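Throughout, my numbering is defined as the position within the sequence shown, counted from one, plus 3.
No wet-lab data here; the hints were simulated from the structure. As the structure is a prediction and not an experimental result, all values here were calculated from the model. Warning: the hint list may mix true and false statements.
[To be verified] Now the in silico label distances, taken between C-beta atoms and shown as ranges:
1) Gly34 x Ala120: 39 to 47 Å
2) Ser9 x Pro124: 15 to 23 Å
3) Gln154 x Leu113: 24 to 32 Å
4) Asp53 x Val153: 26 to 34 Å
Where a beta carbon is used, it is the ideal one built from N, C-alpha and C, also for glycine.
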Amino acid sequence: MKGLDSYLNDHLAGSVSALQMIAHWAHVQKGKPLGGFFAEIKTEIEADQDTLHDVMRSLGVQESKARQAGAWAAEKVGRAGSMIAGDEPGSLGLVLTLEGLMMAIVGKNLLWRALAAAKLPQPNGYDFEELERRAEQQIERIEAERIRAVQHAFAGATGL
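Please put together the full structure from these sequences, using the hints given.
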């Protein structure tokens, strides 16, 4: 079960990093349309993280605080790069953040799909297919925002 422990802890660490990134943008964009978008996504990902915590507990998997701390630190380094690129709408920083968030949500989608395929004992009746559908909806919403951000960030670009 060591492989499963590592797998679940890696995904938990990824959720820690994603939530830190989202919290920053929700704060920076508070009161603006993107602030609402980030606040909504944050609430959904927190619920998904709670589900992952429950799954880990039900399977007897210990949380790795070291991995979570590493993910927290890695997000801070990544955020520095996106802040250099700009943390306002129309900036490359927003494009990079949305792409990073997209990768995190795709990873979460694959997590739910893997857990459904593994046919693990589900004492709490987790509906991994429904969790997968929710992740797919999040991907669609993030992609729509990413395309808008790309259009703004690259408007007027020449030499392409």
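Hints, verified against the model:
1. Gly34 x Ala120: 39 to 47 Å: Roughly 42 Å apart at Cβ, these two residues keep to the hinted range, so it holds.
2. Ser9 x Pro124: 15 to 23 Å: holds, 19 Å
3. Gln154 x Leu113: 24 to 32 Å: For Gln154 and Leu113 the Cβ distance comes to about 28 Å; the hint holds.
4. Asp53 x Val153: 26 to 34 Å: Given a distance of about 32 Å, which is inside 26 to 34 Å, the answer is holds.
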